[in-house]
Amino acid sequence: TQLLEQSPQFLSIQEGENLTVYCNSSSVFSSLQWYRQEPGEGPVLLVTVVTGGEVKKLKRLTFQFGDARKDSSLHITAAQPGDTGLYLCAGAGNTGNQFYFGTGTSLTVIP
Amino acid sequence: DTGVSQDPRHKITKRGQNVTFRCDPISEHNRLYWYRQTLGQGPEFLTYFQNEAQLEKSRLLSDRFSAERPKGSFSTLEIQRTEQGDSAMYLCASSLRYSGRHEQFFGPGTRLTVL
Numbered sequence: 002t003q004l005l006e007q008s009p010q011f012l013s014i015q016e017g018e019n020l021t022v023y024c025n026s027s028s029v030f031s032s033l034q035w036y037r038q039e040p041g042e043g044p045v046l047l048v049t050v051v052t053g054g055e056v057k058k059l060k061r062l063t064f065q066f067g068d069a070r071k072d073s074s075l076h077i078t079a080a081q082p083g084d085t086g087l088y089l090c091a092g093a094g095n096t097g098n099q100f101y102f103g104t105g106t107s108l109t110v111i112p
Numbered sequence: 004d005t006g007v008s009q010d011p012r013h014k015i016t017k018r019g020q021n022v023t024f025r026c027d028p029i030s031e032h033n034r035l036y037w038y039r040q041t042l043g044q045g046p047e048f049l050t051y052f053q054n055e056a057q058l059e060k061s062r063l064l065s066d067r068f069s070a071e072r073p074k075g076s077f078s079t080l081e082i083q084r085t086e087q088g089d090s091a092m093y094l095c096a097s098s099l100r101y102s103g104r105h106e107q108f109f110g111p112g113t114r115l116t117v118l
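Keeping their order, the protein sequence lines are chains A and B.
Quick note, the working numbering runs 1 ahead of the 1-based positions in the first sequence.
Quick note, the working numbering runs 3 ahead of the 1-based positions in the second sequence.
No lab work stands behind these hints: they were computed from the structure.
Among these hints, one or two may not hold up.
[What the hints assert, rightly or not] Restricting the straight-line Cα-Cα distance to at most 20 Å, the calculated cross-link-like pairs of lysine to aspartate or glutamate (DMTMM-like) are:
| # | chain 1 | residue 1 | chain 2 | residue 2 |
| --- | --- | --- | --- | --- |
| 1 | A | K60 | A | D84 |
| 2 | B | K74 | B | E59 |
| 3 | B | K60 | B | E71 |
| 4 | A | K58 | B | E106 |
| 5 | B | K14 | A | E42 |
| 6 | A | K58 | A | D84 |
| 7 | A | K58 | A | D72 |
| 8 | A | K71 | B | E106 |
| 9 | A | K57 | B | E106 |
| 10 | B | K74 | B | E55 |
| 11 | B | K60 | B | D89 |
| 12 | B | K74 | B | E31 |
[Claimed, not checked] Sample of chain A residues at the chain B side, in silico, Cβ under 10 Å:
| # | residue |
| --- | --- |
| 13 | Y23 |
| 14 | G43 |
| 15 | G105 |
[Unchecked claim] With beta-carbon atoms standing in for the labels, derived distance ranges:
| # | chain 1 | residue 1 | chain 2 | residue 2 | range |
| --- | --- | --- | --- | --- | --- |
| 16 | B | T79 | A | T78 | 37 to 47 Å |
| 17 | B | R114 | A | V51 | 27 to 37 Å |
| 18 | A | A79 | B | S8 | 29 to 39 Å |
Backbone N, C-alpha and C fix where the C-beta goes; we use that ideal spot for every residue, glycine too.
Same shape as in the complex, but just chain A (with noise of 0.2 Å):
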C-alpha cells in the first residue's frame, strides 16, 4: 500500500514552459518534503512545508501544502535541462519515526 500517490508518474517537456506535480494522500502528515534525485545519486531535500496551505518558493519552484495536510504540489515555471530528475514526495509522521515516500515524478527537460 502506497500511502503517498504522486502524478504524473513521467513528464517530458520543452524547455521554457511550465509543470506541476501533484503528491495526494489519505493520510494527515506533520510536515511533506519535496526532494530531487538525479540517476546513481540520493535524494537532495529541496523544501520542507508544515503548515496547512503554507505556500513556499525557491527560485522558479513553489511549493504548496494543502489545507488538510495531506497533499502537497509542486509548480516549475519555465522549466531548464538541469530541473531533469526524480522528484519525490515525502510525509513524516507525528513523531518523525518513519517517513512515507511517494512513487516519484520523472521529469525530463528537452533543450
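Dock chain B against the given chain A, drawing on the hints supplied.
Showing chain B alone in chain A's frame:
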C-alpha cells in the same frame, strides 16, 4: 563534515555471499534511517535508529538483513546470503530529533548488484 557519507558506492557480489555497507551520518544528527530503492521507485523504509537504539524495522526486512549503530554514530547494514532480488540502491539518511520539521538528509547511496 559536509553531509551523509556511504561506503562503498558500488558493490557487485555473487548470490549467497554476505555484504556489509557503512553509513556515516551528519555528526550532530541522532536519527539514522536505512532505505532501499529500486529503479524508478521511491525509497522504501527499512529501519530506523535513534542514537544506538534500533526503534523500528519494516516488515520488508527479512531475517537476512541486520543493522547496527553501536555507538550512536556510524551504522552498518549487513545482508547475509544475498539473493538477486536484493539488487537495489541502499540509501542512508540522518536527521535531528529535536527538529520539529523532521527533515532527512540523504547520503549518495550504495548500489548493490547480486549476480
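Going through the hints against the structure:
1. A:K60 <-> A:D84: holds, 12 Å
2. B:K74 <-> B:E59: holds, 18 Å
3. B:K60 <-> B:E71: Distance of about 12 Å is within 20 Å: holds.
4. A:K58 <-> B:E106: Status holds; Cα separation ~18 Å.
5. B:K14 <-> A:E42: holds, 15 Å
6. A:K58 <-> A:D84: holds, 15 Å
7. A:K58 <-> A:D72: holds, 17 Å
8. A:K71 <-> B:E106: holds, 17 Å
9. A:K57 <-> B:E106: Satisfied, since the Cα-Cα distance of roughly 16 Å is no more than 20 Å.
10. B:K74 <-> B:E55: holds, 6 Å
11. B:K60 <-> B:D89: Roughly 17 Å between the alpha carbons, so the hint for K60 of chain B and D89 of chain B holds.
12. B:K74 <-> B:E31: Between K74 of chain B and E31 of chain B the Cα gap is close to 13 Å, so the pair holds against 20 Å.
13. Y23: Violated, because the Cβ-Cβ distance from Y23 of chain A to chain B comes to roughly 14 Å (cut-off 10 Å).
14. G43: holds, 4 Å
15. G105: holds, 5 Å
16. B:T79 <-> A:T78: 37 to 47 Å: Taking Cβ atoms as reference, T79 of chain B and T78 of chain A lie about 43 Å apart, which means the hint holds.
17. B:R114 <-> A:V51: 27 to 37 Å: This hint holds: roughly 33 Å between Cβ atoms.
18. A:A79 <-> B:S8: 29 to 39 Å: About 35 Å separates the Cβ atoms of A79 of chain A and S8 of chain B, which means 29 to 39 Å holds.
The structure fails to meet hint 13 from the earlier list, while all remaining hints are met.
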